[in-house]
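Visitor: Given next are the chains, with one letter for each unit.
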Amino acid sequence: QKEVEQNSGPLSVPEGAIASLNCTYSDRVSQSFFWYRQYSGKSPELIMSIYSNGDKEDGRFTAQLNKASQYVSLLIRDSQPSDSATYLCAVMGNTGKLIFGQGTTLQVKP
Amino acid sequence: DGGITQSPKYLFRKEGQNVTLSCEQNLNHDAMYWYRQDPGQGLRLIYYSQIVNDFQKGDIAEGYSVSREKKESFPLTVTSAQKNPTAFYLCASSSTGGSPLHFGNGTRLTVT
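From first to last, the protein sequence lines stand for chains A and B. Under the numbering used here, the first residue of the first sequence carries the number 38, and numbering increases by one thereafter. Under the numbering used here, the first residue of the second sequence carries the number 174, and numbering increases by one thereafter.
Chain A extracted, bound-state conformation (with noise of 0.2 Å):
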């Protein structure tokens, strides 16, 4: 079993819509979570950081964790176009190190 899993895609959704995007780990005293945004041939850039259950929006983006269920997901609300990239979960446990998922590729069609 991956340590972080998700689903590679690529998730198609309209211009828009609703992205959803999920991730499991494995690792239950995993503290801290990331998602990020790769765009083709760049470095990641920080979209949220979630840390407790429940929750968390900043403008479009709402990232949502129930750590019980070892799940974190990001919801896109009015997806653009320009969201169209690959999305990657992160998770950070007490030993520092931050594993990444795979990524899911996300193609918002005009």
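Pairs of lysine-lysine residues, derived as BS3-like cross-links and limited to a Cα-Cα distance of at most 30 Å, are as follows: (1) K79/A x K230/B; (2) K256/B x K39/A; (3) K243/B x K134/A; (4) K134/A x K182/B; (5) K182/B x K79/A; (6) K230/B x K104/A; (7) K187/B x K79/A; (8) K244/B x K134/A; (9) K230/B x K134/A; (10) K79/A x K256/B; (11) K256/B x K134/A; (12) K230/B x K39/A; (13) K79/A x K244/B; (14) K243/B x K79/A; (15) K39/A x K134/A; (16) K39/A x K104/A; (17) K244/B x K230/B.
These aren't lab readings, by the way, just hints derived from the structure by calculation.
Given the coordinates of chain A, work out where chain B should sit on it, guided by the hints.
Guide: Same frame as chain A, but now just chain B:
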């Protein structure tokens, strides 16, 4: 401006040669990290350092070496023992344990 600088952006080497990738940060971050990314893959952790003069192996440390003599610098050496060195290498830093990582622009290494 504060940030993380990786150099060079592109690097070409012949098989059997060691090569060192530079990573410098002026964010005053304690922790620094090296990741490798292959096409269509996520990031895999090579080494990380949470304090000067100390570092830990990540998941794929074989064939790589690092040093952390200064807080600002965390160079990565890709040795000839690394079987498949061609990849996109990313350096990152963070302020404290649990804080998000900030990435440099990456170095694309091609070994032929």
